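Sequences are here, hints too, so could you generate the full structure?
Just so you know, the protein sequences line up as chains A and B, in that order.
Counting from 1, one number per residue, gives the positions in the first sequence under full-length UniProt numbering.
Counting from 1, one number per residue, gives the positions in the second sequence under full-length UniProt numbering.
Quick caveat, the hints were computed from the structure, so don't treat them as lab data.
Predicted model only: the values in this text are computed from it and were never measured.
Treat the hints with caution; some may be incorrect.
Said to hold, decoys possible - Just so you have them, the derived chain A footprint on chain B, three or more residues with Cβ under 8 Å: (1) 54–61; (2) 64–72; (3) 166–178.
Positions of the beta carbon are idealized from the N, C-alpha and C atoms, including for glycine.
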Amino acid sequence: MDESIYLDEARDPLIIAEGWMKDGKDVAIATVVETWGSAPRPVGSHLVIDAEGNFHGSVSGGCVEGAVVTEAIDVIDSGKAKMLEFGVADETAWQVGLSCGGRIKVYVERLG
Amino acid sequence: MDPYILKTLNEARRARRAAVLVTDLGDGRDRIVREGDQVAGDLGAAIANAFRTGNSRSVEAEGRTFFLNAHLPRPRLVVIGAVHISQALAPMARIAGYPVEIIDPRTAFATPERFPDVALHAEWPEDVLKRAPLDSYTALAAVTHDPKIDDFALKAALDARCFYVGALGSRKTHAKRVERLLALGAGADQIARIHAPIGLDIGAASPAEIAVAVLAQTIHAFRSRGLEAKGAVA
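Rendered as structure tokens:
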């Protein structure tokens, strides 16, 4: 159990995103905004992505991060935020579904 | 997300101050609301709920969809006194999600053998609290029975607006404590925030039962934060 009452700055996605921004990188922030059923990460969880596809944090147990990173690079290019939905009911379930049977909605936006 | 908003949000999180990030999912605009900021209407009620529960969620308000991301500092419990009650309280509170720190300058009490796996300081509260100050996401329970050890910490907890302040001792003991805290410069309204005798009234008798009563009172204080203030206004 993580018992620290302070931020784990080396692993905290929002701290990392701020650091990337200071380094002049283009950054996207993905946030779990809704979950149904058994979702591996709670609402509010973040994945942060840079234009090279480096990422920190998680929005699922590793099931959909690859797809989110791909979409995030798109969002960085266009500047237009996207709402992504993943779940077993999704057509793409065979590629990037949540094997746990839950569904999640992920909001991806560019920083700045 | 606005870069300035991210910077401000991280500053608050580093300083252990609560904030709710409000994002309009329609146009992507975001803003930060701090605890105590007044926001009107349904959105305001949802934000108040996010501060109280720590739950993040999407809400419909004013014909728009907003995402509220609640960033609450992790609550903690500081216990003054490495006594029998604290031995039961430390593991219970940790399981409930309130990491515990124990402070007691009496080295015979504050030993790692009596308190395995607990952050333990065999020092005066004055010294420890200088290094790691109390804040509004900290609860403080003073259980030594010794004014030399308890009083400074109680005054510091009131000044730091700790979300819970409890002190062990009978009503008679507490009446004397009130006199001493007044002499230390505490206000009567501040002193009224101290829970004494400590713990919810569940008829606790053993040290472990008293620990349950203290933990339950701490949780209640945490989950009803802000409600008292609102009641006072209305």
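Hint by hint, here is what the structure shows:
{"no.": "1", "hint": "54–61", "in the structure": "holds (count 4)"}
{"no.": "2", "hint": "64–72", "in the structure": "holds (count 3)"}
{"no.": "3", "hint": "166–178", "in the structure": "violated (count 0)"}
In the structure shown, a violation is registered for the earlier hint numbered 3 alone.
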